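The listed protein sequences correspond, in order, to chains A and B. Position 71, counted from 1, in the first sequence is what the numbering used here calls 71; the numbers after and before it change by one each time, with no gaps. To convert a position in the second sequence, counted from 1, into the numbering used here, add 1000.
Bear in mind the hints are in silico, worked out from the structure with no lab data behind them. Only a predicted model underlies this, so the values are computations on that prediction, with no experimental measurement involved. Just so you know, even glycine gets a beta-carbon here, dropped at the ideal spot from N, CA and C. All clues given are correct.
Partial pick of chain A residues on the chain B-facing surface, computed with a CB cut under 8 angstroms:
1) Y33
2) G40
3) L43
4) Y48
5) D95
6) G98
7) V101
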Amino acid sequence: EAAVTQSPRNKVAVTGGKVTLSCNQTNNHNNMYWYRQDTGHGLRLIHYSYGAGSTEKGDIPDGYKASRPSQENFSLILELATPSQTSVYFCASGDAGGTEVFFGKGTRLTVV
Amino acid sequence: GDSVTQTEGLVTLTEGLPVMLNCTYQSTYSPFLFWYVQHLNEAPKLLLKSFTDNKRPEHQGFHATLHKSSSSFHLQKSSAQLSDSALYYCALSDRGGANTGKLTFGHGTILRVHP
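Sequences and hints are given; from them, build the entire structure.
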């Protein structure tokens, strides 16, 4: 069964601190994505990747970095966390056409 | 760029009545369209996709028809069930140029079905 695992599931961070959200997939998908979900905005794409070593900016990349060290792993990095980055973050993996995309269970991040 | 519009933020229905959730899109190319469903405290999951070899896509009683002339992909069901209560997203995948597989989502529509 398709599996995307996110860690941590919940995180409280302080303003100005560094936060790393991790994602692992066992689907052997080339594409991986990071979205944030906010009421009234739906799912917004932050960064995505076509494969190991590649990262692409999505629609709202400011304040975020991404890293894809391997086919299986894709991290989202907040170097200087701000309260506006309080949100639920979803990682997903998908085939090259975006026709088979599976989401992780999400990470709830609170920046205080 | 690509965009997806879902005009209703909240739809409230009585069980047994028909469901229709609206979705329109803008895209430079001819994209794939999807409906995702997200139940409370769960991950979004694929419900329907638009390219099933000329067949109307159906799943769990839901169906949607891609109308390229009106750039629409509305979600319909003949009879709502309590278990249909969830957040529904319309999304598109860009097929232009090198197929990026980038998924663009609408803002979502909450469907609440009551007895």
